[in-house]
Amino acid sequence: MELKSGTRLRSATDSTEVIVVRAPGEPVDLRCGGHPMVALDDEAPSASVEAGFDEGTQLGKRYEDDGSGLEVLCTKPGPASLSIGADPLHIKGAKPLPSSD
Amino acid sequence: MNIALLLEMAAEGAPDRVLVGSKQDGLTAAELLARSRRAAARFVSMGVEQAGVVDLNSEAVPVALFGAALAGVPFAPVNYRLPDEQLRALVARLAPGAVVAGPDVEPRLAGVDGVDVLPRAAFLDAVVAPDEAVAGDLPFVDPDEIAVLLFTSGTTGEPKAAVLRHRHLTSYVFTTVECLGAGDDEAQLVSVPPYHVAGLASVLTCVYAGRRLVYLPAFDAETWVATVEAEGVTQAMVVPTMLRRIVDVIEQQGATLPSLRHVSYGGGRTPLELIERAMKLLPNVDFVNAYGLTETSSTIAVLGPEDHRKAFASTNPAERTRLGSAGRPLPSVELEIRSTEGDVLPIGERGEIFVRGEQIAGEYVGRSLLVDGGWFPTNDAGYLDDEGFLYLDGRLDDVIVRGGENLSPGEIEETLLSHPAVADAAVVGVPDPEWGEGVGAVIVLVGGEAATADELRDWVRERLRSTKAPTVVEFRDALPYTETGKLLRRVLRDELGGSAG
Numbered sequence: 001m002e003l004k005s006g007t008r009l010r011s012a013t014d015s016t017e018v019i020v021v022r023a024p025g026e027p028v029d030l031r032c033g034g035h036p037m038v039a040l041d042d043e044a045p046s047a048s049v050e051a052g053f054d055e056g057t058q059l060g061k062r063y064e065d066d067g068s069g070l071e072v073l074c075t076k077p078g079p080a081s082l083s084i085g086a087d088p089l090h091i092k093g094a095k096p097l098p099s100s101d
Numbered sequence: 102m103n104i105a106l107l108l109e110m111a112a113e114g115a116p117d118r119v120l121v122g123s124k125q126d127g128l129t130a131a132e133l134l135a136r137s138r139r140a141a142a143r144f145v146s147m148g149v150e151q152a153g154v155v156d157l158n159s160e161a162v163p164v165a166l167f168g169a170a171l172a173g174v175p176f177a178p179v180n181y182r183l184p185d186e187q188l189r190a191l192v193a194r195l196a197p198g199a200v201v202a203g204p205d206v207e208p209r210l211a212g213v214d215g216v217d218v219l220p221r222a223a224f225l226d227a228v229v230a231p232d233e234a235v236a237g238d239l240p241f242v243d244p245d246e247i248a249v250l251l252f253t254s255g256t257t258g259e260p261k262a263a264v265l266r267h268r269h270l271t272s273y274v275f276t277t278v279e280c281l282g283a284g285d286d287e288a289q290l291v292s293v294p295p296y297h298v299a300g301l302a303s304v305l306t307c308v309y310a311g312r313r314l315v316y317l318p319a320f321d322a323e324t325w326v327a328t329v330e331a332e333g334v335t336q337a338m339v340v341p342t343m344l345r346r347i348v349d350v351i352e353q354q355g356a357t358l359p360s361l362r363h364v365s366y367g368g369g370r371t372p373l374e375l376i377e378r379a380m381k382l383l384p385n386v387d388f389v390n391a392y393g394l395t396e397t398s399s400t401i402a403v404l405g406p407e408d409h410r411k412a413f414a415s416t417n418p419a420e421r422t423r424l425g426s427a428g429r430p431l432p433s434v435e436l437e438i439r440s441t442e443g444d445v446l447p448i449g450e451r452g453e454i455f456v457r458g459e460q461i462a463g464e465y466v467g468r469s470l471l472v473d474g475g476w477f478p479t480n481d482a483g484y485l486d487d488e489g490f491l492y493l494d495g496r497l498d499d500v501i502v503r504g505g506e507n508l509s510p511g512e513i514e515e516t517l518l519s520h521p522a523v524a525d526a527a528v529v530g531v532p533d534p535e536w537g538e539g540v541g542a543v544i545v546l547v548g549g550e551a552a553t554a555d556e557l558r559d560w561v562r563e564r565l566r567s568t569k570a571p572t573v574v575e576f577r578d579a580l581p582y583t584e585t586g587k588l589l590r591r592v593l594r595d596e597l598g599g600s601a602g
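Chains A and B, in that order, are what the protein sequence lines are.
Taking our numbering, I'd label the letters of the first sequence as residues 1 to 101.
Taking our numbering, I'd label the letters of the second sequence as residues 102 to 602.
By construction, these hints were calculated from the structure, which means they are not laboratory data.
Hints may be right or wrong, so weigh each one.
[What the hints assert, rightly or not] Simulated restraints on C-beta separations:
id	chain 1	residue 1	chain 2	residue 2	range
1	B	V445	A	E50	23 to 31 Å
2	A	P36	B	E377	57 to 65 Å
3	B	G449	A	D66	45 to 53 Å
4	A	G56	B	E323	33 to 41 Å
5	A	P45	B	A190	51 to 59 Å
6	A	D42	B	P359	27 to 35 Å
7	B	A190	A	D66	34 to 42 Å
8	B	E407	A	A51	55 to 63 Å
9	A	E50	B	G449	39 to 47 Å
10	A	P27	B	G449	46 to 54 Å
11	B	G475	A	P45	34 to 42 Å
12	B	G474	A	G56	58 to 66 Å
Each residue gets a CB set at the ideal place from its N, CA and C atoms; glycine is no exception.
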């Protein structure tokens with residue numbers, strides 16, 4: 001699918017929602033729970049979470065894919081996990097900065 | 102990426118956490134979101150294209166800010182302290198719009214064309230009404246739309262409207278703050294006014310972190326100290342003039358402020374002597390020096406608590422100096438020092454600070470200031486040391502050109518401030534028949550102390566060099582500052598320019 005910065009998506013398998021923070025260089029097959037993610041306003045189809053894609057998403061964490069450069073932010077968590085095809089996205093390690101304002 | 106997403110995520114993860122007001126009866130995340138949606142529906146139904154606040158700090162600020170964001174219209178906080186004529190002219194620039202105003206301001210805005218004035222109490226009452234039906238009809242907001250318009254303080258002329266888009270502000274928050282990363286006992290005291298970029302940024306960062314916002318309607322040092330104690334405040338951001346008055350009150354009262362864990366300061370030059378006093382008085386507090394501009398979505402460099410402690414404890418003068426540094430640039434911000442010819446300067450050389458990054462807006466209404474590939478010229482002078490720490494050296498416009506030599510007021514001011522009889526000092530260019538421009542100093546003496554003009558000239562000459570010694574020295578009871586702590590150099594330049602002839 002073609003993803004732009006700011007695109008919001010929901011999982012077809014669980015409550016997970018994400019927003020694209022950094023768009024990938026090329027179209028990617030972004031999945032949650034092993035099934036392609038759908039537009040935020042789509043009716044949530046009730047596909048079931050596939051084995052191996054059930055590690056969960058965490059609110060406010062950023063997930064990235066090194067290959068394509070895709071980075072998404074989890075805006076609503078769920079029990080399924082994110083992947084590009086079969087390759088899992090990993091949490092972007094971020095060192096929080098001391099609060100300054 | 103709408104800035105309202107920050108609140109939606111906080112409400113998703115911690116709906117019952119109090120985000121605004123007192124721990125007992127403040128607004129929870131879910132309630133703040135519900136009220137912001139009702140405010141948005143109201144702005145949409147009124148057909149406004151700008152929504153503002155012309156008021157002291159109150160919970161109306163976050164409600165109107167997120168309400169405007171959800172309605173897809175820019176939020177514009179305006180300085181209510183401006184004289185009537187200027188205030189009305191600024192507010193008129195928001196037409197067609199609506200502004201929330203407190204009881205003192207409301208009558209001053211009567212009859213501004215195209216702008217509806219919403220009394221604060223009525224605005225806040227109306228968003229409590231359980232009118233849920235409207236919530237679904239809010240528009241889609243593109244990340245590239247304008248989230249906030251902030252008027253510059255106009256210390257050098259007609260106020261300009263700085264533009265911050267949703268993508269700038271969300272990028273700033275996503276890269277610097279962990280979602281709901283604050284403990285549920287954390288509370289931030291906000292005493293900078295809503296029209297200051299730090300006042301605005303504190304709403305966004307605290308809401309996203311899940312940290313309760315406690316507002317001082319307007320700054321006053323005694324009330325600040327009393328509120329820290331009464332509300333169990335753990336964090337605060339202050340500008341240097343506030344820090345000085347707070348430190349004075351803490352000393353007078355012998356207050357210890359046991360709940361306070363974290364204080365950030367910035368928004369103007371902070372004398373070393375002041376931060377050292379503050380660290381001595383509050384040894385358990387983490388201090389953070391933040392450097393940022395309105396046009397950069399707030400902070401772009403920080404000197405963190407460990408840097409402070411290390412510098413404070415050091416007897417090595419080079420390390421000690423670091424207490425006066427603005428710290429290192431954020432990992433998400435690129436920073437370069439450039440010469441007037443545009444070349445990138447090596448370590449240690451003074452030039453103009455340029456920054457680039459996703460949070461950098463660098464834009465006024467109708468005009469982007471970004472150059473070659475997104476770099477923003479800050480108009481601030483500074484240099485980097487060999488470990489990447491940034492040192493600020495005033496505004497480029499403030500440099501004094503004495504017979505071809507560039508003199509930086511900051512260095513001379515620091516030197517004057519290190520004199521035991523000097524409480525405050527400002528250095529500006531004065532007309533000089535021989536050198537074109539000369540050094541003028543305006544001095545505030547410590548109560549009960551004395552120093553002559555010649556004594557202060559010698560003090561500077563011995564520590565810097567003779568060209569930096571002020572030719573004109575005037576003594577005053579106080580220096581002119583804006584209420585957010587910016588020194589009004591233009592006022593001093595005008596005054597000294599007349600007398601120096």
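Hints, one by one, checked against the model:
{"no.": "1", "hint": "B:V445 to A:E50: 23 to 31 Å", "in the structure": "51 Å, violated"}
{"no.": "2", "hint": "A:P36 to B:E377: 57 to 65 Å", "in the structure": "59 Å, holds"}
{"no.": "3", "hint": "B:G449 to A:D66: 45 to 53 Å", "in the structure": "37 Å, violated"}
{"no.": "4", "hint": "A:G56 to B:E323: 33 to 41 Å", "in the structure": "49 Å, violated"}
{"no.": "5", "hint": "A:P45 to B:A190: 51 to 59 Å", "in the structure": "55 Å, holds"}
{"no.": "6", "hint": "A:D42 to B:P359: 27 to 35 Å", "in the structure": "52 Å, violated"}
{"no.": "7", "hint": "B:A190 to A:D66: 34 to 42 Å", "in the structure": "53 Å, violated"}
{"no.": "8", "hint": "B:E407 to A:A51: 55 to 63 Å", "in the structure": "45 Å, violated"}
{"no.": "9", "hint": "A:E50 to B:G449: 39 to 47 Å", "in the structure": "58 Å, violated"}
{"no.": "10", "hint": "A:P27 to B:G449: 46 to 54 Å", "in the structure": "48 Å, holds"}
{"no.": "11", "hint": "B:G475 to A:P45: 34 to 42 Å", "in the structure": "41 Å, holds"}
{"no.": "12", "hint": "B:G474 to A:G56: 58 to 66 Å", "in the structure": "39 Å, violated"}
The earlier numbered hints that this structure contradicts are 1, 3, 4, 6, 7, 8, 9, 12.
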